[in-house]
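Enquirer: The task is simple: from the sequences and hints, build the whole structure.
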Amino acid sequence: MENLEFLSIEFFGNTLKNYIISISIIVFGLIFKGLISSYIRKFLFKIVGDSNNKEGKSEFDNLLKKPITYFLFLVIIYMAFNMLSIPDSLGLVSADEFGLRMIFEKGFLLLLVASVIYIILQSVEYVGLRLSQRAAKTESKVDDQLIPFAIEIGKVLVVIFGVLIILGNIFGIDITALAAGLGIGGVAVALASKESLENLLGSFTIFFDKPFTVGDIITIGGITGVVEKVGFRSTRIRTFDKSLVTVPNKNLINTELDNLSLKPVRKVKTDIGLTYDTSVDQIKNIVADIQQLINDHPNTNQDGVVRFLEFGASSLDVMVLYFVNSPDWKLLVDTKQDINYKIIEIVKKHNSDFAYPSTSVYLEKQ
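Under this note's numbering, read the sequence shown as residues 760 to 1125, first letter to last.
Hints listed in this document are in silico derivations from the structure and should not be mistaken for laboratory results.
Check the hints yourself; a few may be wrong.
[Claimed, not checked] Dumping the calculated BS3-like pairs for lysine-lysine here, alpha-carbon to alpha-carbon at most 25 Å: (1) K776 with K801; (2) K1089 with K1026; (3) K1028 with K1101; (4) K1043 with K969; (5) K1001 with K1095; (6) K988 with K1028; (7) K1108 with K1043; (8) K896 with K1089.
[Claimed, not checked] Ranges between beta-carbon positions, derived for each pair: (9) L926 with F863: 16 to 22 Å; (10) L890 with I932: 34 to 40 Å; (11) S844 with I795: 34 to 40 Å; (12) F787 with F930: 29 to 35 Å; (13) F930 with I779: 34 to 40 Å.
Please read all numbers here as calculations on a predicted model, not as lab measurements.
Just so it is clear, CB atoms sit at the ideal spot from N, CA and C, and this is done for glycine as well.
Expert: This is the structure we're talking about:
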């Protein structure tokens, strides 16, 4: 044991033994951090997930790997530095008095609590993801909209609870006195701006009035797309060119909105221009055949109208108006394509052609 006496040698108020233990905790902690993280994820997955769902386990690991890693890193640092003491020679005041030491300790505890909140939030996110996947398999759209909304409420409650813990346990603030002093209205004003409150009220209006639900095709402010998610602050719309547009909820309730999914039919109006060398009989036959095409098509109703209406600058203009018997966007574009192909065939069949902008110049001989 005499050979180990050197471990009792002190440097900056700590023995060599304490330094070795502290460094060992950091080294072994970093080496086994991945293994420990894996066991923690398995334990949490048994609580919130289905152990037989391998795909769900992979999603859970992707969501929880980073926050658990942060948490373990902070725990390792805490355990390592807890083996050491701050020497009085540095002149730092105690942790009970305001100073660098208090800032360091409270800041560290703040990060530790924040990492735990992060883990809980990601766990809630996973639960919401799995519930949303189940809701997508049902016919009702209500659960598709309700689940993300409920998950966001859960996240807000977790954050509020975490903030209260930080204020009460770390900073020593009397939460009861704070709540009594501010009141419910004061807390609301303190935690959210006027615009945020308007968006929150907008989300409740959307949820209860149901002007649209998740999966509906809507048009607002020149934006047309499929509603993907209705949140506290905003609604996400996926346009047909795959862009994701985020619209504040207050705009959705204060602006004229067209829910295309609620339409029993979709109107299509187009004009075709025939060349000026097309005869009257050809025009009549083309109009009649297109009208018959619209009437007989399985995806249109009997209200279609085809008429020769205008003498254009470079063409004889025929209006084609019809209604597709579904609000479904894919069926709409497929029907338009099918009818357009057949209109080309009809025009060619009657030995006519489509006009394009042109200018004729006539020269007189002098």
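Enquirer: Hint numbers the structure violates, sorted upward?
Expert: 1, 4, 6 and 11
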